[in-house]
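There are 2 protein chains.
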Amino acid sequence: MRIVALAGGIGGARFLRGLREAIGPEDEITVIGNTGDDIHLYGLKVCPDLDTVMYTLGGGIHEEQGWGRADETWSIKAEMKEYGVGPEWFGLGDRDFATHLVRSQMLTAGYTLSQVTEALCVRWKPGVRLLPMSDDRVETHVRITDENGTRAVHFQEYWVRLHAAVDAEHAAVDAEAIIPVGADTAKPAPGVLEAIAAADVILLPPSNPVVSIGTILAVPGIRAALAAAPAPVVGLSPIIGGAPVRGMADKVLAAVGVEATAAAVALDYGSRAALRSASGEGGGGRREGVLDGWLVDTADEAAVAAVEAGGIACRATRRT
Amino acid sequence: MRIVALAGGIGGARFLRGLREAIGPEDEITVIGNTGDDIHLYGLKVCPDLDTVMYTLGGGIHEEQGWGRADETWSIKAEMKEYGVGPEWFGLGDRDFATHLVRSQMLTAGYTLSQVTEALCVRWKPGVRLLPMSDDRVETHVRITDENGTRAVHFQEYWVRLHAAVDAEHAAVDAEAIIPVGADTAKPAPGVLEAIAAADVILLPPSNPVVSIGTILAVPGIRAALAAAPAPVVGLSPIIGGAPVRGMADKVLAAVGVEATAAAVALDYGSRAALRSASGEGGGGRREGVLDGWLVDTADEAAVAAVEAGGIACRATRRT
Numbered sequence: 182m183r184i185v186a187l188a189g190g191i192g193g194a195r196f197l198r199g200l201r202e203a204i205g206p207e208d209e210i211t212v213i214g215n216t217g218d219d220i221h222l223y224g225l226k227v228c229p230d231l232d233t234v235m236y237t238l239g240g241g242i243h244e245e246q247g248w249g250r251a252d253e254t255w256s257i258k259a260e261m262k263e264y265g266v267g268p269e270w271f272g273l274g275d276r277d278f279a280t281h282l283v284r285s286q287m288l289t290a291g292y293t294l295s296q297v298t299e300a301l302c303v304r305w306k307p308g309v310r311l312l313p314m315s316d317d318r319v320e321t322h323v324r325i326t327d328e329n330g331t332r333a334v335h336f337q338e339y340w341v342r343l344h345a346a347v348d349a350e351h352a353a354v355d356a357e358a359i360i361p362v363g364a365d366t367a368k369p370a371p372g373v374l375e376a377i378a379a380a381d382v383i384l385l386p387p388s389n390p391v392v393s394i395g396t397i398l399a400v401p402g403i404r405a406a407l408a409a410a411p412a413p414v415v416g417l418s419p420i421i422g423g424a425p426v427r428g429m430a431d432k433v434l435a436a437v438g439v440e441a442t443a444a445a446v447a448l449d450y451g452s453r454a455a456l457r458s459a460s461g462e463g464g465g466g467r468r469e470g471v472l473d474g475w476l477v478d479t480a481d482e483a484a485v486a487a488v489e490a491g492g493i494a495c496r497a498t499r500r501t
Numbered sequence: 182m183r184i185v186a187l188a189g190g191i192g193g194a195r196f197l198r199g200l201r202e203a204i205g206p207e208d209e210i211t212v213i214g215n216t217g218d219d220i221h222l223y224g225l226k227v228c229p230d231l232d233t234v235m236y237t238l239g240g241g242i243h244e245e246q247g248w249g250r251a252d253e254t255w256s257i258k259a260e261m262k263e264y265g266v267g268p269e270w271f272g273l274g275d276r277d278f279a280t281h282l283v284r285s286q287m288l289t290a291g292y293t294l295s296q297v298t299e300a301l302c303v304r305w306k307p308g309v310r311l312l313p314m315s316d317d318r319v320e321t322h323v324r325i326t327d328e329n330g331t332r333a334v335h336f337q338e339y340w341v342r343l344h345a346a347v348d349a350e351h352a353a354v355d356a357e358a359i360i361p362v363g364a365d366t367a368k369p370a371p372g373v374l375e376a377i378a379a380a381d382v383i384l385l386p387p388s389n390p391v392v393s394i395g396t397i398l399a400v401p402g403i404r405a406a407l408a409a410a411p412a413p414v415v416g417l418s419p420i421i422g423g424a425p426v427r428g429m430a431d432k433v434l435a436a437v438g439v440e441a442t443a444a445a446v447a448l449d450y451g452s453r454a455a456l457r458s459a460s461g462e463g464g465g466g467r468r469e470g471v472l473d474g475w476l477v478d479t480a481d482e483a484a485v486a487a488v489e490a491g492g493i494a495c496r497a498t499r500r501t
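Chains as they are written, first to last, in my numbering: chain A, 182 to 501; chain B, 182 to 501.
Quick caveat, the hints were computed from the structure, so don't treat them as lab data. Mixed in with the good hints there might be a few duds.
Pairs count within a copy or across copies, as identical chains cannot be separated in the list.
[Unchecked claim] Quick list of in silico lysine-lysine cross-link-like pairs, DSS-like style, CA-CA up to 25 Å:
1. K368 with K258
2. K368 with K262
3. K306 with K262
4. K226 with K262
5. K258 with K226
6. K258 with K306
7. K306 with K226
8. K368 with K226
Hey, can you work out the whole structure from these sequences and the hints?
Written out as structure tokens, the structure is:
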């Protein structure tokens, strides 16, 4: 069976690790990874989501933290502080730096991000085929208002520096809008559309529906490919009982005007069936729906009816 | 007193540390550092000699090793081995990497190596003004013959990989020629010629006379500036009793056809007095001599007469 999964960082990576254990020896997983939270730091290209997937599936992740490397050292971070070179809010460990050094050197030499990712995976052997959503630069920015006024900051600055990731109760600023800069002109990476078209099943893990899956879907051609794929598309709710499984999905959902409920997220992804009928009625110009099925936690059993009313098959199941 | 010193790596740095302790509060030291052993690794600009001077004078050097950082960690080196990304023979510690990251990012942003060095020294406070010999790229290559035939390799590859540095008895290959690639078109860095012209005394520490001091002198204008300086130029022999104080000066001296003796090195630097008389006799085209005085160890007392016969004042003194 050919399985395609879209994935962000921690949530997606952990889902994939479970998926990899559940499949048979003949099954193949292709992961289309979000690159919208990529950032350039110290002149190096950092791809947090691709690396989290690669490290998690390759056995190098810091388990408790969920990102970065196990057995990490922090000498460079300490040195950067001595040099007064920022940003202090973004922590890159020494082992992690090695990945960014290798990646950056290959990119400078002219390799694409797809080629670099494949090369890095020669070492990590993640057991999946890991593709970046695009070889083009896409950066998710977040509009905020703080003491410096209203402005757009890099997603990582919002997520890490403004403490959105640290404690959902103490986010210093609200995300007012999510802007995937560069997404409108990005092209899907080689193999992405082909994998979607050839899949037997397509999965949307419980990754952030806005800044992870949403950014992947913002690359022109990917949403349409999901809508048109012969395989069923099944998603897993990242919201359980009104709270994100992990992270800050609720905060960025608010920025795009979607309620942080299992049902609202599914309906925002939209039903592939509804699109097909809408298209039949001449409803061109609407955003294509991408879901056939949706899995929610039993805590959200009440969402099932609303999701099914939107043309998406929905089942409630207990997390194990 | 305005003191100018040319310097390579370990030998020069240790000499400068002693010099700094010996001078008065009104005295100023300007160091013109060799950049011929600079190398690009992992896409970063590495300046081994400038860093050795900076770390040694700034209190960050690994004392026993003589190069690199104290309290170093080696995570990146271990990772690079896992990625199969070379060169394995060149060891950069994590703290050291931070310096190269900051330097490379500033160079990419358009700063010159002089400006970057000044910025790094804001942290290290070496107590001297540290100038690279040139902001232009100069790379010392060494011609060797091994199982792969006759070829030129980067000085660092000769010095580190081919074990010239490890054990003088077991150098795998001979240096057949020393080629300062790029030196012919390099310009002295801002302030270099001015410092030489304004100096009260100019010192040549016991650094390698070929690949350290020799490379600095190969930058057009620097040798002539030394020859023409109003201040006396005094050198310290890097050879004591026929052996280099440290490193492999004897091996590279052989490559340029100079005996590894305290006298031969002085005579190869040449007498400023001899030049002046040679010029008076229309001896243009000769390489200018750069020495007024030469200090040798008492073990080389026999060299004094030969050096003085060459027009260079010479004294034998015991190392303390």
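Now the hints, each set against the structure:
{"no.": "1", "hint": "K368 with K258", "result": "neither (34 Å within a copy, 35 Å between copies)"}
{"no.": "2", "hint": "K368 with K262", "result": "neither (38 Å within a copy, 34 Å between copies)"}
{"no.": "3", "hint": "K306 with K262", "result": "between (34 Å within a copy, 16 Å between copies)"}
{"no.": "4", "hint": "K226 with K262", "result": "both (20 Å within a copy, 20 Å between copies)"}
{"no.": "5", "hint": "K258 with K226", "result": "both (16 Å within a copy, 19 Å between copies)"}
{"no.": "6", "hint": "K258 with K306", "result": "between (28 Å within a copy, 20 Å between copies)"}
{"no.": "7", "hint": "K306 with K226", "result": "within (21 Å within a copy, 31 Å between copies)"}
{"no.": "8", "hint": "K368 with K226", "result": "within (19 Å within a copy, 33 Å between copies)"}
Hints 1 and 2, counting from the list given before, are not met by this structure.
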